[in-house]
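A.B. asks: Now for the letters of each chain:
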Amino acid sequence: MNVEMHKLLLVGDNPFHGISHLSQERARSRGEAIVSSADQAANVVLTSLKNGADGFSFSVSELTLSILRTLRERKSIDQVSLYAMVPYAFEYVRVATQIGTPGLVKRFAKQVALTGNVRAILEGLWSAVRTDPEGLMNTYLAYELSRIRSSAGKQAKLVSVLLNEVIADMGVALNFDWLFKSFIRYLSKRGITPGFNTRNFPYFVNKFNEWGINLDETLIVTPFNKAGFQMNPSKEECEKTLKSLSRQNVLAISVLAAGYFKPSVAVDYLASLENLKGVITGVSNEQQAHETFKLFKEKLP
Amino acid sequence: MGLLHASLLSTFEDAQLVALCDKSALMTRVCRSIFSSTGVVVVNNLERFSGLALDAVYITTPISSHFFIVKDLYTRGIVRNIFTEKTLASNYNQAKEMSEIAKKIGGITMVGYMKRFSVVFRKAKELLAEGNLGEPLSFNAYAYSSDFLELTKDSKSFASRGGALKDIGCHIIDLALWLFGDVKIVDVISSYKIGDSETSVSFTAANSNGLAGRFDISQRMPNYRMPEFGCSVECPKGKLDVNDDRLRLTFGDGTQKIWYRHDLQDNVRFSLGETEYYRENQEFVNSIIENRTCEPNFDTALKVDYIIDQVRQGAAKV
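So the sequence lines, in the order shown, correspond to chains U and V. According to this note's numbering, the first sequence is numbered sequentially starting from 1. According to this note's numbering, the second sequence is numbered sequentially starting from 1.
Rather than coming from a laboratory, the hints here were simulated on the basis of the structure. Every residue gets a Cβ at the ideal spot worked out from N, C-alpha and C, and that includes glycine. Check the hints yourself; a few may be wrong.
[Claimed, not checked] Computed cross-link-like contacts, DSS-like style, restricted to lysine-lysine with a CA-CA straight-line distance of at most 30 Å:
#1 U/Lys277 x U/Lys50
#2 V/Lys125 x U/Lys235
#3 V/Lys303 x V/Lys193
#4 V/Lys193 x U/Lys106
#5 U/Lys181 x U/Lys240
#6 U/Lys243 x U/Lys181
#7 U/Lys110 x V/Lys153
#8 U/Lys262 x V/Lys239
#9 U/Lys226 x V/Lys303
#10 V/Lys23 x U/Lys106
#11 U/Lys110 x V/Lys23
#12 V/Lys153 x U/Lys106
#13 V/Lys303 x U/Lys262
#14 V/Lys193 x U/Lys262
#15 V/Lys123 x U/Lys235
#16 V/Lys123 x V/Lys239
#17 V/Lys103 x V/Lys303
#18 V/Lys123 x U/Lys226
#19 U/Lys262 x U/Lys243
#20 V/Lys257 x U/Lys226
[What the hints assert, rightly or not] Pulled from the structure, derived: some chain U residues nowhere near chain V, Cβ distances all over 12 Å:
#21 Gly52
#22 Arg190
#23 Leu273
Chain V with its partners taken away, still in its complex shape:
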């Protein structure tokens, strides 16, 4: 992820890639070698970012390190503006502390919930906000991958992904919060763990207006070559189905309207991975230049960590 963000930022007219940090001695050597002609400084200790007058730092390390790196950057006064990959922290308490420090420092923050920048999910939000289908009654949200379909025992690489909730579930939780506003956990229906991490979990949620939701998250679903995220929303005048690739509206009389990415002007100035990564980086950079709040920021993202903690507590009782 570090190279992906570094690549995209390098194509921006208003941004310059200045330095990289990796604590691994081998990676530092490799990066020094491949970046030798570019002028990019490569270090293996955050302290060495001091004095570089950095406008922003991206943190793309394992989740368990986010809290310590953010604190270190703020404490040493290295930078005010921070982007961190999802999830914000390992747990809600850490996320809350990070958000409070960021508020004190007063810089721009962002957390890498890039699905918000997908043209199909944006169109879904726009249609729900227009209200032509009526106020949503219920939703079913999912995040599926086949990444650990064949896994039978715990492994270091599996554990490093933080479990299904932190790895893929957080994206659909963030999307649900973005689309419907705050929700509370009602019940954890099922949870399957290998070692200390869940590989699948299902739970229900609701908001104060009576909206009822269900989340199904699994890293063990067959035939999901790539992770997929989606949500079906029942409304009084029809149904909205959205996933990474398309948005479908089904009206009460059975007629349908479908939009694919092709129909929603999905082009960007430079595409790498998915086009949403470019838009996400653009939003962060523009927020810094214009000195305005960026979304999703630390304060927004800590709600996802809160829900994950609640689900894990509920799962422990299942």
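Bound-form chain U, shown alone:
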């Protein structure tokens, strides 16, 4: 076990998207009270940083890209370490619902073309002709990276790109080792830490060990909370797997069990976990940002 100096604290974007995993009712009622613009969201991110957060973790969507643009306009982007999650599955599903899957593919191809990234366009076309999934994934990653860079600018510190949980968990279930190997290869070459979001932490780690993929140079984002919420197959198995890792590379999410616990209750459990690299938690307003990150900074040395 390798002990690092202090826990990495990231502010998450779920409240900005109106997501509550506790209940949709709560998300709807909260939606009226919380941030409603990129400007307000940027204030929440900056307040979090002032109170101990080290960076911003976000799904790449039009909303979060506009938050990055706001931070850039305010000349604050260089203060924020960025951890980007792709794809923002909800947005793609929503578009497919409205215009169908072929419509989604056409729209995506058009957006890739509009980036003007000639290499990505040619690689994408060639991969489509050969039905090469690895090439198509590289084109997709090039597209997402160009979106982040054009919004955040050259001064931004993009630390990690993480694969969304639905894709990552499908990939491990279906034994798609090629997906993970090529994802790691593509990002590592560009100096970006590859990361994975999973709701099946022990299964995920076992698969990587079986495939011989070294997890040490990656990040894993997965739920850890006192209630065992979303910790599959069980809280005990997840804790055991965490202990077994040779390096601290796990960031805990759902730490408040989606609002089921207050930060003061959640933090004691997190402090008891050995081998945790850090925590990602969403906050809805500046007051919450101040209280939560101040507390986490103090209690999670």
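Model the placement of chain V on the given structure of chain U, informed by the hints.
C.D. replies: Positioned in the frame of chain U, the structure of chain V alone reads:
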């Protein structure tokens, strides 16, 4: 949905993903490429499932194709055990024929009404069965989404979802039948259509014991980022409110008890989408292994198609 079920089944110790079928030439090529290292056979014609000695087939195609695919699978003798996504068929007559053929063949069947496998809805059923609140007097059930909130004209993707009743309404109808037993349609209160498909509909129902119910179904509700299903049940000694996320009991003296998913052991061996998908697949696989009836099967699910047909007939008169 096909990839979701394929992924979950791949994590089961007692199941093996053997083959996939997609009639689209492009999808077949893509699937062959991404599954190339897994040994999974990818075909574009059901006939090519013959000879693979399949124990079960999952049908996750558009509703309008379920009837023809099920008949084809049974007629060719490809498989005896079939899971089909909801709804069972496009209409009651097709559903009835499918159920009759399945009975003759004698295999295990299941229809993807996965809400029955949610820990909160299961707890609601358990509490109603215990009877501490007394026999239910009335209920209000809803299925809401914002999927077509901004839709003003008909589109192919909208039509392919089969309308609000087939798309989301069927889940809450199935839950009501599961919780309260058979109900009959009393009246269709309102219905709003775009093209040939309804985007919202409200109707009332009742059972022979005097239980009165109301259903409100809409794909045009603001602020429903994800579809949500729920039901409020009035009983002599209190009220039970349940939705996807929580269950609340309100007693006569105003005291309340609330359970969230967190309180109801929602963990599964492998989670993808919602945990109920894992339990649903587990039930189907175990039913085959143990050679026992699976619920909800074709016979159970055809009741949902019957109610949908009745509501649509009633809506045509509104």
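A.B. asks: Each hint should be assessed against the structure and marked as holding or not.
C.D. replies: Hints, one by one, checked against the model:
A C-alpha spacing of about 20 Å is found between U/Lys277 and U/Lys50, which places the hinted pair at or below 30 Å, so the restraint holds. Simply put, V/Lys125 and U/Lys235 have alpha-carbon atoms about 27 Å apart, close enough for the 30 Å limit, and the pair holds. Simply put, V/Lys303 and V/Lys193 have alpha-carbon atoms about 23 Å apart, close enough for the 30 Å limit, and the pair holds. The hinted pair formed by V/Lys193 and U/Lys106 meets the criterion: a straight-line CA distance of about 28 Å does not exceed 30 Å.
Pair hint U/Lys181 plus U/Lys240 holds up; C-alpha atoms about 25 Å apart against a cutoff of 30 Å. In summary, the hint linking U/Lys243 to U/Lys181 is supported, as the alpha carbons are separated by about 24 Å, within the 30 Å threshold. With a CA separation close to 24 Å, the supplied pair U/Lys110 and V/Lys153 stays within the 30 Å bound. Taking the CA atoms of U/Lys262 and V/Lys239, the gap is near 28 Å; set against the 30 Å cutoff, the hint holds.
With a C-alpha separation of about 42 Å, the suggested pairing of U/Lys226 with V/Lys303 is violated against the 30 Å cut-off. Under the criterion of a C-alpha separation no larger than 30 Å, the hint pairing V/Lys23 with U/Lys106 is consistent with the structure, at around 20 Å. For the hint linking U/Lys110 to V/Lys23, the alpha-carbon distance of about 26 Å falls within 30 Å, and the restraint holds. Simply put, V/Lys153 and U/Lys106 have alpha-carbon atoms about 21 Å apart, close enough for the 30 Å limit, and the pair holds.
Restraint check: the Cα-Cα separation between V/Lys303 and U/Lys262 comes to about 45 Å, which exceeds 30 Å; the hinted pair is violated. Between V/Lys193 and U/Lys262 the alpha-carbon distance is near 45 Å, which puts this suggested pair outside the 30 Å criterion. With a CA separation close to 22 Å, the supplied pair V/Lys123 and U/Lys235 stays within the 30 Å bound. Simply put, V/Lys123 and V/Lys239 have alpha-carbon atoms about 14 Å apart, close enough for the 30 Å limit, and the pair holds.
A C-alpha spacing of about 16 Å is found between V/Lys103 and V/Lys303, which places the hinted pair at or below 30 Å, so the restraint holds. For the given pair, V/Lys123 sits about 22 Å from U/Lys226 by alpha-carbon distance, which is consistent with the 30 Å threshold. With a C-alpha separation of about 25 Å, the suggested pairing of U/Lys262 with U/Lys243 holds against the 30 Å cut-off. Proposed proximity of V/Lys257 and U/Lys226 is supported: the alpha carbons are some 21 Å apart, at most 30 Å.
Residue-level check passed: U/Gly52 sits 27 Å from the nearest beta carbon of chain V, beyond 12 Å. With 12 Å as the threshold on Cβ separation, the claim that U/Arg190 sits away from chain V holds: the shortest Cβ distance comes to roughly 24 Å. Separation of U/Leu273 from chain V is adequate, the least Cβ-Cβ distance of about 18 Å exceeding the 12 Å criterion.
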